[in-house]
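One line per chain: the protein sequences are A and B, in this order. Okay, so the first sequence: first residue is 1 according to this note's numbering, each after it adds one. Okay, so the second sequence: first residue is 1 according to this note's numbering, each after it adds one.
Hint data in this document are derived by calculation from the structure and do not stem from the laboratory. Treat each hint with caution, since some may be false.
Computed footprint of chain A on chain B, listed as stretches where at least three residues anywhere in the stretch have a Cβ under 8 Å from a Cβ of chain A [what the hints assert, rightly or not]:
1) 125 to 135
2) 255 to 268
3) 345 to 359
Just some of the chain B residues that point at chain A, by a computed CB distance under 8 Å [said to hold, decoys possible]:
4) A208
5) A222
6) G275
7) L290
8) Q291
9) G366
10) R367
11) A369
Everything numeric in this text was worked out from a predicted model, so none of it was measured. Note that CB positions come from ideal geometry on N, CA and C, so glycine has one too.
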Amino acid sequence: MSTRRLWRAAGIVALLVAAGAWPAVAQLPTYNVGRLPTAEEVKAWDLTIPPDGQGLPPGSGTAALGKAIFEERCAACHGEKGEDPKYSRLVGGQGTLATAQPIRTIGSFWQYATTLWSYIRRAQPFDEPGFLTPDQVYAVTAYLLHLNGIIGEQDVMDAQTLPLVKMPNRDGFMPDPRPDVGPASPQPKR
Amino acid sequence: MSDAASNPESSGQARSRRRFLQGGAALGAALVAGAGRPLVGQAQPAPDDPSKVLGGPLRPYGERSRFEQSVRELPADRLTDERGGSFTPLDETLGIITPSALHYVVHRGGLPDIDPRKHRLLIHGLVDRPVVLTVDEIKRLPSMSRILFLECQGNSMTEWGAPRGKTVQQTHGVTSCSEWTGVPLSLLLREAGVQQGATWILAEGADATGNERSIPMAKAMADVLVAYGQNGEAIRPENGYPLRLIVPGWTGNINVKWLRRIKVVDQPYLTRMDGVGQPTLMPDGKARQLQFVLEAKSVITSPSGGHRLSGPGLYEIRGLAWSGRGLVRRVEVSTDDGKTWRDARLQEPVLPLAHTRFRLDWRWDGREAVLQSRCTDETGYVQPTLGALVKVRGLNSIFFNNAIQSWKVAADGSVHNVHA
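All chains, full assembly: derive it from the sequences and hints.
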């Protein structure tokens, strides 16, 4: 290859790198593919919150503030007080889980308040997922916890307080004991 | 073999329409049009002798015959068109591969419209080299193909308390089997460099509900695929185009569709699906959580609910068996309400974690009969009766109903869903 051609090839590579079409440094070196994500990319998608609250963003809200948001954006499907079972009943049902008609709601069944925050942030409202700001999500979460009698109307929910909320059914879960039925099954461990 | 056995009559709109079509295409077309279903045959009947007429033009992408009408069934009581499931017509599929267009579907935030040139997979969290991959980059990596079943853990959920589904499509139609092609997730994770203390991954889809599931690292490194192929072509949109996770033998919902993110983490994130959507309630009010494996299950697909036997004679009993723990070793069939059992023939090759087709010849004497199948997998686990399941789990657990299914053949040849 002539010197001139080499320079031309190097120029093309430089242009591709600048355009982002050629990974400057591949992240997966064996196969020379992939690029480093930007901080903004990770932040935009990394919204799922585990029970310890890791990753909860700044912001806060109370049930008093959440009431108006809920009534405007959520009540059409879930009822004014979250009592409508048509899509998902959100309120009530405590004490029903061991009966013939168990009612699974945030108050009766959900284990962690972080799960509620994370799901609302990512997937609600149904027709406009991800629409609510972190402040609004804290407020709606607080309102739903308050409707279920778990926190007070003026209790502030934020990155510090939300993971500390003790849900009524916190201790209502167990690991998978299967196989639990059948002649060849070992006895359940628990 | 009688015609009825190879093409059993059955209830349901598709089947009754097909009978009309077989009787006369023009009449059938009119009736189909009236019912608001895809137009079939139009007003043009097929020629009496196709060898005497020049055929149609070449087509770049094939379609099934206009006389074939099998469809997925959408629940009549669905609240919206975006949230819910559609059921595979198991009694009309053949062999072990489900046609992609008939593969069952469950999702909760509508069908996303994804441009594969814009789609990205982000792998981050406890890794040395966080990475963004394009679909083309993933396709460039070493690949593999496996034939694997999927099953929604809600399959047969209507059947706990009473025999509610009329057909096998309704009772068992949220399982399907495809050849999936993709990249082993273990390869991607090794390349990214999993750090000490990483015990779980969180997988997330790009749909409106952001389906998110936690998966133990041991499974992620064992046999999970990041798939882009289904039955020889790109995954269908309903099944996760352009990328989905395939988690062999584990509950359908964890096979995250429209996969866009894998975060390597140190704990189960207990997302809505992990934490409260999928747990099963036991009689004492406690719920089992983070249950993954689909236990061994089988069902007779023909004859099955809604079919009608044309009269006494020899029939081939056909069905499907599968186990999330590996190979199906044995399928037994009873035609006398569980009093006696005979071994069915298994169609080779029998593949682990795939649908297994079984068959057994049966001479119907014209009297009432109850047909059942019972499978055993390579771990020795035997498919239980409904009674045995209910005795342990009660009636509120909703999911993981892998009970023996019973079909009652009445003296008139009609076949019905019953609890034996």
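- Message: Going through the numbered hints above, which ones does this structure break? Give me the numbers in ascending order.
- Response: 3, 5, 9, 10, 11
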